[in-house]
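Since chain A is already given, all that's left is putting chain B with the ligands on it; use the hints.
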Amino acid sequence: MREPEAMSGHSAPVMIVGAGHSGVAVAAGLRSRGWEGGILLLDAEKETPYERPPLSKELLKDGAPDESAVLRKEKFYEDKRIDRLRGITAEAIDRKGATVLLSDGSRHAYHRLVIATGSRARPLTVPGAGLAGVQSLRTRDDALELKRLLVRGARVAIIGAGYIGLEVAAAASAKACEVTVLEFQDRVMSRVTSAPVSRHFEQLHEQHGVRFVFGAAVTAIEGDGRAERVVTADGTVFHADVVLAGIGVLPNQELAADAGLECRDGILVDGDGRTSDPAIYATGDATRFTSPVDGASQRLECIQNAQAQADRVAAHITGQQAAVPEIPWFWTVQHGVRLQTAGVRHPDDDVIVRGEPARGRFSVVYLRDGRLAAVDTVAGLTDFRPARKLIAHGARIDPALAADPGIPLTDAILDDANSPGPNPADAAPATARI
Amino acid sequence: MSNNKLTVIDREGSTHHLEWEPDQTLMEALRDNDLSVLASCGGTASCATCHVFVEKEVFDTLGERSEDELELLVEAEEYRECGSRLSCQLDFSRHLNGATVILAPEE
Ligand SMILES: Cc1cc2nc3c(=O)[nH]c(=O)nc-3n(C[C@H](O)[C@H](O)[C@H](O)COP(=O)(O)OP(=O)(O)OC[C@H]3O[C@@H](n4cnc5c(N)ncnc54)[C@H](O)[C@@H]3O)c2cc1C
Ligand code: FES
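The listed protein sequences derive, respectively, from chains A and B.
Counting in my numbering, the first sequence runs from 1 upward without gaps.
Counting in my numbering, the second sequence runs from 1 upward without gaps.
I should point out that these hints are in silico values taken from the structure, not numbers from a laboratory.
Hints are supplied without guarantee of correctness; some may be wrong.
Computed Cβ-Cβ distance ranges for the label pairs, DEER-style [what the hints assert, rightly or not]:
1) B:17 x A:290: 40 to 46 Å
2) B:17 x A:414: 44 to 50 Å
3) A:265 x B:60: 48 to 54 Å
4) A:66 x B:2: 27 to 33 Å
5) B:77 x A:63: 36 to 42 Å
6) A:196 x B:2: 50 to 56 Å
7) B:17 x A:61: 37 to 43 Å
8) A:101 x B:2: 42 to 48 Å
9) B:80 x A:347: 40 to 46 Å
10) A:258 x B:78: 48 to 54 Å
11) A:346 x B:61: 46 to 52 Å
25 Å max Cα-Cα, derived DSS-like pairs, lysine-lysine [stated by the list, open to error]:
12) B:5 x A:73
13) A:61 x A:73
14) A:57 x A:73
15) A:75 x B:5
16) A:46 x A:175
17) A:80 x B:5
18) A:46 x A:75
Please read all numbers here as calculations on a predicted model, not as lab measurements.
Beta carbons are placed, not taken as given, at the ideal position from N, Cα and C, and that holds for glycine.
Same shape as in the complex, but just chain B:
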């Protein structure tokens, strides 16, 4: 499998282009490319510091959010019902090739 290409908009509004390798979660791809994602729980859907927004069309192609993920997201100030995801819960997926991901504000 080849890498996905991603566009990421950070919290300052700058655009980054990066490659997402198939054996990584989205959180790992963001973190390993020096984007400011604290990921303080190591990717176990506990800390919500890896919150991102994805476009609705992309969102709809992703799986359901688990109860833990949803409960953490709903309490975020900028929760988007059809856009918020914990990036640590997103495994590599072809559907995300070429997608744009926005880092949610830190709280």
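In isolation and in its complexed conformation, chain A is listed as follows:
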């Protein structure tokens, strides 16, 4: 354990760049861990920092209020003496002088700097991508603009069948839009889940009138000042009033990279969120790090990771013990059906379907070298908590027992769950917790 850091007495504040899920969690975590020095939170956006998950879910619904839930009440920042600068971005870091240049030309010193700049929607690069009516979804403004465009009867083309594309497809079909999803792969959510789950959600969407086109490579968007048509590589033309690109995100790493911090598709950080400069941390969507569970290099785009990393940074800055790393988890809700995943699946994991997808509720268990690596739960959370625990312990699972939903997952364990595996990374799970 390091020497505990003095909780106050530093003339410069901890400066946090970005007031999203992770940045706000660092600020709150510093105070709840007793940090008494200054905290300066830079916010590129002007409103009270807000939750992103509802932007593609509740907020798009008819009659839903335009305000999405805030992360913390306005008063919280006052009460906790968290200073905020709004509508201002960080432009450059002077590491030697420990200062940051802001977009208003001012320069501020930091005691510690936390880069929590998140990610941005990967831009479409085809001709016509700049036409009006072509949208991506990252901010509340994006969501409100999309909500305005999703009117009854509108033809909506969604490019990319990932979480966000599918959540918007569900919202748009609920508003009686005509929805077509164009996906390059041969199934939905192919990056994050297995074929049985993909098929289940495809059917669910189709029952709600959503049309899928797989193997579709969009080559252009055409229209007279506004998007009117989407063209794919085989020459097919799809008429559309609204085009949503949901083709992934890019980490906002430029601020860090320009300052010479190590980046590789994400700002590289260690288990405590430290960058290659000991005075600078980074957290959330912007970062890449080594999984404490399986040793893989990963960039995670989820609330769980944004929060957990933030807590580790707050712990490290205050010289305290951080919580044991969590098993990452994810969720999405489409047409009211929840898919919740514990752990990170790999494409070559063994796939065991647990239950009857036709019944609408089932799980899928992923085994890697016989050990539980991830679990998808569809429309039921019974397996979720046990799954996180068993993944953390690297439990060996009997595939036949795991396939029987009548048997609790914990009863499908084969032997001593803590026995070390054949490679060192396998031994690590014993230290992780749910």
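What follows is chain B with the ligands alone, placed relative to chain A:
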């Protein structure tokens, strides 16, 4: 509406007195008062890190638990049939004025 007063017993057994403001869920009140509630799903009944115990008399005055809430709670090691709640699913309620809430162990 005025605030509720709450007594909270944390995982170390220490007692805290706090005020719960009407526009908050119980989870938000706990979190904003620096109690250690991770709330990693932001209050959408997904993570179960906001699990609390309430007294039976209070429990009985609260609404039914949703299926998601119940499924997450039942799998907790210290699940209490007439006491376990996800605090993010509890809106401000007069019935909880003066109540004692115990933070469930972390898992
Ligand atoms: C529509 C949508 C739905 C989602 N749904 C889910 C879900 O259901 N479940 C889930 O787990 N995850 C979901 N996510 C992902 C989740 O929101 C992110 O993982 C999370 O927001 C990451 O937090 P963060 O703090 O790293 O980044 P962000 O929340 O993106 O915050 C980064 C902030 O930094 C600001 N910023 C960037 N550069 C600068 C700069 N130079 N100076 C100052 N400020 C800067 C940005 O404007 C932004 O406000 C969703 C995301 C979106 C967009
Ligand atoms: S905050 Fe996640 S379940 Fe309550």
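Comparing the hints with the structure gives:
1. B:17 x A:290: 40 to 46 Å: 43 Å, holds
2. B:17 x A:414: 44 to 50 Å: Check passed, 49 Å falls within 44 to 50 Å.
3. A:265 x B:60: 48 to 54 Å: Holds, since residue 265 of chain A and residue 60 of chain B (Cβ atoms, about 53 Å apart) stay within the stated range.
4. A:66 x B:2: 27 to 33 Å: Given a distance of about 29 Å, which is inside 27 to 33 Å, the answer is holds.
5. B:77 x A:63: 36 to 42 Å: The hinted range 36 to 42 Å holds for residue 77 of chain B and residue 63 of chain A, with Cβ atoms some 40 Å apart.
6. A:196 x B:2: 50 to 56 Å: For residue 196 of chain A and residue 2 of chain B the Cβ distance comes to about 52 Å; the hint holds.
7. B:17 x A:61: 37 to 43 Å: 39 Å, holds
8. A:101 x B:2: 42 to 48 Å: 46 Å, holds
9. B:80 x A:347: 40 to 46 Å: Holds: the Cβ-Cβ distance is about 41 Å, inside 40 to 46 Å.
10. A:258 x B:78: 48 to 54 Å: Holds: the Cβ-Cβ distance is about 49 Å, inside 48 to 54 Å.
11. A:346 x B:61: 46 to 52 Å: Because 48 Å falls inside the window, the suggested range holds.
12. B:5 x A:73: Holds. Residue 5 of chain B to residue 73 of chain A sits at ~19 Å (cutoff 25 Å).
13. A:61 x A:73: Holds, at roughly 23 Å.
14. A:57 x A:73: Roughly 21 Å between the alpha carbons, so the hint for residue 57 of chain A and residue 73 of chain A holds.
15. A:75 x B:5: Holds, because 19 Å separates the two Cα atoms, which is no more than 25 Å.
16. A:46 x A:175: 29 Å, violated
17. A:80 x B:5: Between residue 80 of chain A and residue 5 of chain B the Cα gap is close to 20 Å, so the pair holds against 25 Å.
18. A:46 x A:75: Holds, at roughly 16 Å.
Consistency note: the structure conflicts with earlier hint 16 alone.
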